[in-house]
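The two chains are supplied separately, each in an independent frame; assemble them into the complex guided by the hints.
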Amino acid sequence: MLSISDVTKKYGKHVANDNISFAVGDGQIGILLGPNGAGKSTIIKCITGLLRFTGRIEINGVENTSLEAKRQLGYIPEMPAVYDLLTVSEHLEFICRAYKITDDGYCQKLLERLELWDKKDKLGKELSKGMQQKLSICCALCHRPRVVVFDEPLVGLDPHAIKVLKQIFRELKAEGASVLISTHMLDSVEDYWDVANIMVNGRFAATKVNDGSEGKSLEDLFFEITEGNAEEAAQ
Amino acid sequence: MKSPLVYLTAVKLKNQLKELVKSPAKLIYALFLVAVFALVAFTKSERVGEELRSPLELTAILTLFYTVMFFLVFFSGSASNTPMFTLSDVTMLFPAPLGPNKVLFYGLFRQLGVTLLLGFFLLFQYGWLNTVYGITYGHLLLIVAGYAITLFLAQICAMAVYTRTSGKENAGKTVHRCVYGAAALYAVFTLYACREEIMAILAGGTDWQTFLAKGAGFLSSFPGLLFPVSGWAAGMVGGMLTGDFGQSLLLLALTLAGFAGLLALILTSKNNYYEDVLQTAEVAQSNVTAKKEGRVAEAVPKKIKLGKTGLGKGSGASAIYYKHKVENRRSGKFFLSNISLIFALIIIGTSLLYRNMFEEENVALIASFAMGTYMQLFSVALSRFNRELLKPYLYLMPEPPLKKMLYALKESLIADSWEAVIIFVPVALLVNASATEAIFCILARITFSLLFLAGNILVERVFGSVSSKMLIMVFYFLALLLMAAPGVILGVMATIFFSEAGIFPAFVGMACGNIVISLLVLYLCRNLLQFAELNNR
Chain A
1 MLSISDVTKK YGKHVANDNI SFAVGDGQIG ILLGPNGAGK STIIKCITGL
51 LRFTGRIEIN GVENTSLEAK RQLGYIPEMP AVYDLLTVSE HLEFICRAYK
101 ITDDGYCQKL LERLELWDKK DKLGKELSKG MQQKLSICCA LCHRPRVVVF
151 DEPLVGLDPH AIKVLKQIFR ELKAEGASVL ISTHMLDSVE DYWDVANIMV
201 NGRFAATKVN DGSEGKSLED LFFEITEGNA EEAAQ
Chain B
236 MKSPLVYLTA VKLKNQLKEL VKSPAKLIYA LFLVAVFALV AFTKSERVGE
286 ELRSPLELTA ILTLFYTVMF FLVFFSGSAS NTPMFTLSDV TMLFPAPLGP
336 NKVLFYGLFR QLGVTLLLGF FLLFQYGWLN TVYGITYGHL LLIVAGYAIT
386 LFLAQICAMA VYTRTSGKEN AGKTVHRCVY GAAALYAVFT LYACREEIMA
436 ILAGGTDWQT FLAKGAGFLS SFPGLLFPVS GWAAGMVGGM LTGDFGQSLL
486 LLALTLAGFA GLLALILTSK NNYYEDVLQT AEVAQSNVTA KKEGRVAEAV
536 PKKIKLGKTG LGKGSGASAI YYKHKVENRR SGKFFLSNIS LIFALIIIGT
586 SLLYRNMFEE ENVALIASFA MGTYMQLFSV ALSRFNRELL KPYLYLMPEP
636 PLKKMLYALK ESLIADSWEA VIIFVPVALL VNASATEAIF CILARITFSL
686 LFLAGNILVE RVFGSVSSKM LIMVFYFLAL LLMAAPGVIL GVMATIFFSE
736 AGIFPAFVGM ACGNIVISLL VLYLCRNLLQ FAELNNR
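Protein chains in written order, with the working numbering: chain A, 1 to 235; chain B, 236 to 772.
Source of the hints: derived by calculation from the structure; they are not laboratory data. All values derive from a computational prediction rather than experimental measurement. A few of these clues could be false.
Using 27 Å as the maximum straight-line C-alpha spacing, the simulated DSS-like pairs for lysine-lysine come out as follows [unchecked claim]: (1) B/543 - A/125; (2) B/237 - B/337; (3) B/560 - A/122.
Same shape as in the complex, but just chain B (with noise of 0.2 Å):
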């Protein structure tokens, strides 16, 4: 008879391809990523007579990259919503008469195939990696495999240091105050590494350029990429890129050993890893659940500074615009929730690379704007507003729809344009753009706001009664695709006609064709507060 953890894995694998035959929502999505893919594939833009950039700067990137990963799948102990055992093998693989060891490696296989999946947006990154590094489809794919290897091996590390440290006090705590001891290490090794083009900024001569490739080069070489896990996964791939095969001979030699201890450590620990996985499991699917009955779990803090209680003000509609100041206020810092704080780290970081990237500051801003555009796809789908929609408190409160949504969008227009000013004044500042570049810039960048949570409701309002998530996710990028596009057209066009006026006039163009198609749709949906077509999706 076949294993059980064999056919376990055999049927769950037939079922899922079934499914996605199935479904023609899975379908029309999955056809949809290969599209976007194919797209960003052959479109890339050639940069004739223009030289490469150097490997090592991108192995260095990688090196970052991959260590922000190692530590935020390490600390939070799993991987997004994708823990190593669902709460279906828990209740039913665990108490079985199956060894724990068995059922561990039936874990690691199925977590290796969902960190590979989870690497899958680095796919549509290859645009401007081969615009840039020269990057084949065989190299990108090397870069997904090093990034999957980092998350799995920090899913095995923070495994490790659970059944080593369950049931002694402090024991957690001190392993993770190592874990930061040795990335501040790090980060100084880096630093002092650059120190002499450190002191030339701070003395008025900014080279950054020199900072960056002296950094890059201490990143992408020994010891910079000792670092464990995510250093060797970076070199294991940087090498091969390069062509240094002995130097990822070396670090795939160092990260197999590394896979081996640790493995020795859990299998050899006196405590089982049920507990710390059974934690993860419920906490995934419950976050499963939410999502199926239509409620988006938040992700806060795990602890909440509480501050001043109540409310204070609101009468009303106006009582859900204070009731989100409060909610704002606990979920994170500076005015912005942690993951608008984690994306703006993102942009301000990246227009560093696109002035160096880009000689004219103007292409430098725009390309930072535009990359914090598409981020804001993102983030605007997780304001305050569309968390609002999913409960049912705003469409039983006697008030007039209009009016209800107006007041439930004030607190995420205000929250967005703080955040338009704490990105793009660090970032007008990085790439030398002048105030005006930078005031429109700002300006744009809210009318972009306006204009995607205007496209929730659009989606809200004629996709409401969809039952399939994921339907309503392509139609949600469809329609703010097409909604943008009156903007984009006319900032373009703005370009064109004041060309000797710089760049804000593109930005001008497209504040006004975001304003009045939000308008717009926001007239024709006023009444999409009277009706939640809530029904559990």
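Extracted from the complex, chain A is given alone in its bound form (with noise of 0.2 Å):
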């Protein structure tokens, strides 16, 4: 379970994060759609951690800055976090003796879904951009969280892990994980989503349930909270 209360974080005198409240539950996929600079970024780091805030942030009942929220915690970043001179082996190797996991084969599982496996003895520098996103991933599951953070995490994969990226996020919902995931991408979280957050200008302009009912879609809901009438669009 996650839980957002009160959050607000400010770079100077503009407010990023204005008051916001939100929770995913366990066993949910929660969406946090918005334009360009409408504070999604700044939130997900709070999440995480990475950055300072007021409010409140719970990661299944404890401060996420515990020890123990970090322990169950998984943060894929916007821009692929990998370091140059380890292997991509080495990425997962770190991050299980990091969090004091073994490791029963879970790892190699990931990197050959990913289709990585082969390319486990190549340095972070020497792969592409795409291929470092997906290490990335990787890094971020392996020490499978209970709640796991995706920033845009489609962009610059390649069809085959995006398909693999979606059959993820229903398996990490069935594990009953809460998965949180920022994107434009409307219509590829169109058909798993259970909460969506549309944000505006650091607040939440709308958060719309999934219960299964025929209405608008999230790419129409979208449009007319940026473009349109937000009440009328949140109704």
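Here's what the structure looks like:
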């Protein structure tokens, strides 16, 4: 369970996140939508403990900066975070050692699924941006987190990786993990989201729960809010 | 209608100036640089009664310096992150209906400005150049101009070689081998000119002064000045310094002829230069993007020997240390990164100069130490700890922040300790310092590493959320100067109180001050790794 209560983040006078509250339950996929500069990446960095903020963020009931919360969190940044001088397999070894876990073959499975196993001895600097993104995903998932936060995960991925990643989203959901995805690719999340939050100017302009009923698509809702009448759209 | 290239140049220049006025951070930085320059220029020390050293020696130093810079730029194909064309030039100008030659001249003009700016740091050398060689402001500008000419022509050379060898298998390698061969030949000629002095040194008569004087004599006169581009530029400047205007004119003519020849090689080539430029522009652009996103592109060797794979050890926070060990093994040689190795060679080389400049060994050791500490400011900023701060893993790792910080610092401190030994053992031997002085000098150097690393942490802790990279740089240097002040004061006091004990009390004083301040800062910032404040600065 991921819970965000009254979170505000300011950069000097600029308010990037203004009193934001929302939650993503166990086995749910939450979506963050919004135009560029809406504050999506900022709230994600607050959740992952990379930024200071006011308010409260809890990961499975504990404060997000606690060691217990960090153990249960996986984060895939917008820009792939890869070490130039480590090989692909050394990245995963590093994460396993840092999180004090023993690899039971899960790392190899992840690498195989994302077509990186044959590149396990390649250095980070030798990988293309798409491959670095795949490695970043493996690093974030190899310790089996219970709360996973993806910041624009599909950018730069090839069709096979996109397909695998969508499958991973569903598997995480089925295993009861809380998944939060920030994305601009509305159609890519249309068929598996549970809660969608649309951000504009650092605030939530609308929150929609996917109750299975027919209605406006995410895309229609998004454009109504960002380009049309927000009140009308939220109804 | 105005030519699009003239328009582009004028608008870019105008916007850069407007940006400087609009952005307080950039303005403060510019004012800071001017203030530092003014400080250097007006606080020059007077050497009353002491004779100035020969300008020929300065010409020789310029020949060597320009030649090293020529090779660095020639073999990398570009001067640092500033290639002749930016990626926006490449994507907008190259496909546009403009003649390739016109576009090339636009690039050359832009590059000339950039290389002049790159020479800006030379202005800060005014103090000692004036004291030792009697250099005036005009002379200094000539030295900067010579430097700019060297870098500029080195890039043109690289471009000419590329356009002429592109598509021809092994042709590029052959040209590069020829240039290496010419450099080796030049080195052999230089050593041959000093053969008698070398034999004398090998025979036990260690007269380095005569050896250096002979070497300087060769490098500041024909044929020593005939090495293409760098020798010509140094000779031009040297001629102006010594009043030998005939030499300057002759070498100016050679430089112009060389430039014309290179242009002819590029313009008459069937291959255009676009492909070469595209590659360097893309690399430069990715470096710029990386910096904007808070990632520092590491200066890693092109070919990396992978060696043994796997971290092998480490659990929890200690995994960071073992990861750093693997990264360091792959990034350099002899425990040092390539950049540290270059810095080490410069410090050792300079100590040789100081040994001849100062009669007392103590002063030469202190001068080398001061020079080393100044360079350490920059090398510590490139340490693995600082790079680690820009990646999210360090913050996400479920370990106590202080433990993570200490393990993240461990490798940098060990590497810096090796660096201190590798630099100051030869320096101590060269300047005839005692073993005690050498040991305490190394100790003081290590404490400066600790101090500067702590300074980095302080800046991250206090100014982490400041979005201007330039302001952070200014704060970084100011914080380090403030933090170093107590150690320096203690060092001076120790020297005064224990003046008969030589200079080692100075090192002890500095070390004590540095350790206290560093530990205090580390304690106060122990929770740094709780938050990153990674804001894509």
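Consistency of the hints with the structure:
no.	hint	verdict
1	B/543 - A/125	17 Å, holds
2	B/237 - B/337	14 Å, holds
3	B/560 - A/122	18 Å, holds
Violated hints: none; the structure is consistent with every hint.
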